[in-house]
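Asks: Residue strings, one per chain:
Protein chains: 4
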Amino acid sequence: MRDKNPEKRIRILDAALKVFATRGFYNAKVSEVAKEAGVADGTIYLYFESKDALLIALFEDRMQRLIARANDEIARTEGTVLDKIRQAIALHLSLVLDDPDLAEFITVELRQSGKFVKEYDNPKFTEYLRIFRDLVLAGQEQGLIRRTVDARLVVRAIFGALDELLLTLSLTHRNRSVDLNATVDGLCDIFFDGIRARPAH
Amino acid sequence: MRDKNPEKRIRILDAALKVFATRGFYNAKVSEVAKEAGVADGTIYLYFESKDALLIALFEDRMQRLIARANDEIARTEGTVLDKIRQAIALHLSLVLDDPDLAEFITVELRQSGKFVKEYDNPKFTEYLRIFRDLVLAGQEQGLIRRTVDARLVVRAIFGALDELLLTLSLTHRNRSVDLNATVDGLCDIFFDGIRARPAH
Amino acid sequence: MRDKNPEKRIRILDAALKVFATRGFYNAKVSEVAKEAGVADGTIYLYFESKDALLIALFEDRMQRLIARANDEIARTEGTVLDKIRQAIALHLSLVLDDPDLAEFITVELRQSGKFVKEYDNPKFTEYLRIFRDLVLAGQEQGLIRRTVDARLVVRAIFGALDELLLTLSLTHRNRSVDLNATVDGLCDIFFDGIRARPAH
Amino acid sequence: MRDKNPEKRIRILDAALKVFATRGFYNAKVSEVAKEAGVADGTIYLYFESKDALLIALFEDRMQRLIARANDEIARTEGTVLDKIRQAIALHLSLVLDDPDLAEFITVELRQSGKFVKEYDNPKFTEYLRIFRDLVLAGQEQGLIRRTVDARLVVRAIFGALDELLLTLSLTHRNRSVDLNATVDGLCDIFFDGIRARPAH
DNA sequence: TATGAATGAGACTTCATTCAT
DNA sequence: AATGAATGAAGTCTCATTCAT
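Protein chains in written order, with this note's numbering: chain A, 679 to 879; chain B, 679 to 879; chain C, 679 to 879; chain D, 679 to 879.
Take these hints with a grain of salt, some might be off.
If chains are identical, the list can't say which one is meant, so a pair holds when it fits in one copy or spans any two.
Stated by the list, open to error - List of simulated lysine-lysine pairs, DSS-like, C-alpha gap at most 30 angstroms:
1) K713 with K802
2) K713 with K729
3) K729 with K707
4) K707 with K696
5) K682 with K802
6) K696 with K713
7) K729 with K802
8) K707 with K682
9) K686 with K696
10) K802 with K686
11) K707 with K686
Honestly, the hints are just simulated from the structure, not real lab data.
Full structure from sequences and hints, please.
Replies: In structure tokens form, the structure reads like this:
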């Protein structure tokens with residue numbers, strides 16, 4: 679079921695991303711995905727067991743790519759752990775421009791899937807978060823990040839902020855130019871140094 | 679359609695919250711809501727135009743309450759703007775214990791609704807965010823919050839973090855005891871002072 | 679699910695009998711049954727859980743009637759146990775004229791149902807056979823039927839013969855006049871006295 | 679379409695028998711037959727026009743064999759016509775042990791096919807019945823069987839009884855040992871001499 | 001106002017059959 | 001001749017919504 683025609687499987691996944699992002703998983707019809715993929719309705723079921731399974735496979739696939747890309751970019755980033763975190767943040771937000779459908783899909787469908795599609799665990803999502811967690815932990819070991827903050831809390835806070843921003847950007851800036859750099863800088867500023875005004879010294 | 683029997687309208691909204699939170703909006707059946715509310719299926723339609731309209735009315739109602747409560751608690755909180763922000767954060771996270779259904783509903787259904795239920799704008803959500811924004815703006819005017827951070831960005835970041843945490847707490851700590859205070863403190867610490875280690879002085 | 683509208687339930691069962699008898703269970707569409715019953719497709723599912731359940735309910739209903747009628751007629755038949763057996767045989771075969779659809783339904787669908795529709799046990803069929811068995815056993819006790827024959831075997835043989843004949847009659851004599859009496863007499867003659875020629879004495 | 683590869687045709691028929699007997703014709707998938715036969719789905723259609731045609735071909739094939747075997751065994755049976763009838767009965771019932779799939783297939787699918795698969799006439803079945811009919815007619819001519827019984831009725835009764843018994847045996851005694859001889863003897867006793875007790879003389 | 005039986009459009013999915021390889 | 005991926009028609013069943021009572 680996985681190897682009949684890898685190219686067709688990819689086409690179906692691409693179509694599913696587009697349709698799910700545009701209409702939402704529950705409003706999307708399998709026949710719409712098929713049409714978008716240029717295959718017959720029944721063909722979907724040669725590659726995926728059900729509509730739910732298609733959703734999950736799509737998650738796995740896209741999150742896997744995102745994880746790979748994040749790991750890659752982080753590895754190539756010179757500088758401190760904070761620079762790497764900035765890079766990961768930039769990558770995440772860049773989805774809004776690079777792959778708007780994926781951005782909408784992740785921000786909107788990720789939650790539903792976790793809770794309502796079967797008992798899907800979403801291991802790839804956990805793996806993605808681990809990238810951030812490892813950076814934070816490394817930063818703490820290196821003395822660059824305060825040891826008093828809870829790494830998991832930091833990760834959730836950062837991911838939450840990213841997710842919310844990506845959603846907002848998706849909704850408001852689709853087809854508009856956004857200055858992502860400013861957003862990334864602003865977010866890093868907030869998370870790195872806090873919002874509290876401090877007396878100059 | 680709004681005044682026939684206010685008590686019954688409330689019963690239906692309560693039932694809808696419970697059912698939508700438990701099963702998800704798309705998996706929930708109108709008849710389940712009716713059963714939970716102790717009314718006939720058709721009665722739902724005397725109070726709400728459609729299932730979508732019920733969802734939206736539920737949002738409006740619950741967000742309105744949350745807004746009122748937030749405004750109230752903030753007004754009663756003594757101390758600086760940062761203390762008030764802490765209070766708003768504490769209120770938001772307290773939903774996981776005070777009203778778990780509402781917590782799940784807000785975290786999971788809010789997004790879908792915004793994007794796929796008709797063209798609903800979610801004005802109450804905007805209003806809720808404004809509470810945070812006004813606090814941040816006030817903090818900046820008072821010199822307690824850095825003027826270099828973008829207030830809207832701060833608000834999105836904080837709300838995003840809250841939303842993600844509430845979701846995580848909902849999923850993992852339902853029926854378990856959570857130390858919310860520690861979470862609130864940790865989150866304020868992160869947002870107020872940042873994660874970067876600073877040289878002692 | 680059983681009492682909403684008994685009259686409608688009956689209409690659906692009647693329609694199902696007609697459609698299943700005419701087209702066969704597997705070729706019959708639920709929508710055809712609905713149309714024949716004069717209800718919407720979905721209405722079927724208010725009264726029966728599934729197409730399979732409808733088939734089973736139909737069996738139960740018709741066999742129950744047949745059992746009641748057989749018991750009744752047997753009770754009212756004067757004469758020996760053999761006369762009562764003749765009466766039961768006559769009743770069974772009379773279906774071809776009285777209720778041709780039921781005749782076809784019983785002869786053709788009864789078997790499938792036993793084997794392939796879920797794990798349906800067909801208790802009513804067993805009950806129906808018991809009527810014959812009890813007659814045979816009574817006959818043996820009374821010395822009217824040979825004690826050396828196995829009652830269950832006799833019953834199976836008689837029912838099998840009846841079933842086959844009913845099927846043949848259904849297929850060949852639909853809309854034609856049949857002399858059922860001759861068939862009943864002939865069958866009783868065979869089963870009562872055997873086919874072997876015996877020397878006159 | 680018949681001669682391409684006779685061995686493969688046979689393999690498909692064997693597979694069809696097994697699958698149809700196990701799952702029932704309507705629940706059986708062509709792909710299951712193909713898999714069982716060790717051929718590709720499409721190959722089935724090189725040997726048979728359709729699933730229906732496969733069913734019919736299977737009937738023809740198996741009935742032809744049964745007819746041949748019955749004729750053969752009858753020819754080889756010494757003794758009277760009644761002995762030959764006993765032999766034919768024994769052969770029919772022996773299917774439950776010799777070829778349980780065929781037994782189930784004949785008892786369960788034969789009827790459906792006659793009525794619902796196209797307008798198939800089932801000439802082989804008629805031919806099979808003729809074997810019994812010829813025996814009965816011969817018996818009557820020889821004075822061994824009463825001339826007052828209707829040969830066709832006798833044949834239908836016997837075949838019906840056999841069919842019903844084979845079905846019952848198939849369902850209850852699959853994988854269990856059965857004393858077929860006793861059943862054959864019992865059945866012959868019933869049909870030859872009837873069930874009625876007669877005064878000793 | 002309230003009911004809940006009835007509706008019927010529409011979705012997911014299956015599977016007999018085809019046809020390019 | 002053989003394959004098996006692809007097709008797409010068609011069926012069962014669901015459920016938001018209606019409306020007669």
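Asks: Hint by hint, note whether the structure agrees.
Replies: We went through each hint and held it up to the structure:
1. K713 with K802: Only inside one copy: K713 and K802 sit 28 angstroms apart there, 36 angstroms across copies, limit 30 angstroms.
2. K713 with K729: For K713 and K729, the Cα distance is within 30 angstroms both inside one copy (15 angstroms) and across copies (27 angstroms).
3. K729 with K707: both (9 angstroms within a copy, 20 angstroms between copies)
4. K707 with K696: Both: 12 angstroms inside a chain and 27 angstroms across chains, each within 30 angstroms.
5. K682 with K802: within (24 angstroms within a copy, 43 angstroms between copies)
6. K696 with K713: Close inside one copy (12 angstroms), not across copies (37 angstroms); limit 30 angstroms.
7. K729 with K802: within (19 angstroms within a copy, 33 angstroms between copies)
8. K707 with K682: both (23 angstroms within a copy, 21 angstroms between copies)
9. K686 with K696: Classified as within: same-chain Cα gap 15 angstroms, cross-chain 35 angstroms, threshold 30 angstroms.
10. K802 with K686: Result: close within a single copy only, 23 angstroms intra versus 44 angstroms inter.
11. K707 with K686: both (18 angstroms within a copy, 25 angstroms between copies)
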